[in-house]
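Letter by letter, the sequence shown follows residues 2 to 352 in our numbering.
Be careful, since some hints might not be right.
[To be verified] DSSO-like cross-link-like pairs, simulated, lysine-lysine; straight-line CA separation at most 27 Å:
1. Lys319 <-> Lys206
2. Lys206 <-> Lys290
3. Lys206 <-> Lys133
4. Lys201 <-> Lys290
Note that these hints are calculated values from the structure, not bench results.
All values derive from a computational prediction rather than experimental measurement.
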Amino acid sequence: MISTSPDRFWLTFLAQTIVGSSQVFILGIPPRLAAVWFGPEQVSTACAAGVFGNQLGIAIGFILPPWLVHNGTVESVTFDLNMLFLGSAVVNSLIFAAILAFFDEQPPNPPSAAQARAIEESIDGNYVQSLKHLVVNPHYMLLLVTYGINVGVFYAISTLLSQMVLHYYPDAQEETGTIGLLIVVSGMFGSVVCGYILDKFHHFKLTTLAVYFFSFVGMILFTFTIDLGKIWIIFVVSSILGFFMTGYLPLGFEFAAELTFPIAEGTTSGLLNASAQIFGVSMTIGMGKIIYSMSIWWCNIMLSGFLLIGVVLTAIIKADLKRQNAHKESGYVVPRSDTQITETSCGNVPE
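Please construct the entire structure, taking both the sequences and the accompanying hints into account.
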């Protein structure tokens, strides 16, 4: 709130840096929270719901600022910004207080056989040891690259969207904002649908590969329709692109958890997010230069090429579903609140 004065832009920049750094902790929460609290038939949907929440926050960010902050004098804009920041601070403080007061770190009993085993074999306390395990896991390292490519392309498109659309539709400032909102909103539903499909069928590699491929198809459609002069087509294509690219987020988290079990989901998802940030920044800067030196068409072709590489690399990943195997290899029964934990060995459960 104290940065709204025009001569305090440096303070705004500093505050945004601090807030942006919090993403390191926030973005990795869904897979960890889902694994700790939900059983094998709900864990992917729960993870997707967490991603939905993250995207909902972005959607609110598209909607509320234009409603609350209006053009006018410096004093009126400053007042509107103060109200916006105050409201955000109050809401976030209330949520933080509610988490401290009402939410437990974990349930009294593990919700699944895999989580029970993860607790027994946990190496959470040794982060370096976890990293060593991950580095020598070739399938996770491939996923680390493919996840970074997909989300990096998404970040680049989101950042350069206005520049691309306004080049072909100079008077479409409002429509450009609507397109960005459509990408986010369709992605919210995409994440939930993909999570549900994963819980329903447990085909981790097939689902991930299919969604990745349709992300590539969506990017191709965007490339060859953006200059047709009909902006409603961009609305439709952007919705398709957002649905699959954001739908990929929970799939990547859950696939990583399967490939690296029993390593903590927070560690694997944190590295995936780091990869996404590295690819995102690199692609945004690089594609911005491509637009300036070549053309928007070549920029989109290159982004499509990156996604095609991601599809091929995803196809190479071996579906070593360690967490699913842990569920099948145990006769663990989730105890009721009034009973003790019981576990019996019953061998492998046939697929």
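Consistency of the hints with the structure:
1. About 8 Å separates the Cα atoms of Lys319 and Lys206, which keeps this hinted pair within 27 Å; it holds.
2. Between Lys206 and Lys290 the alpha-carbon distance is near 34 Å, which puts this suggested pair outside the 27 Å criterion.
3. Using a Cα cut-off of 27 Å, the hinted pair Lys206 and Lys133 holds, with the two alpha carbons roughly 24 Å apart.
4. A distance of roughly 43 Å separates the Cα atoms of Lys201 and Lys290; the hinted pair therefore is violated under the 27 Å criterion.
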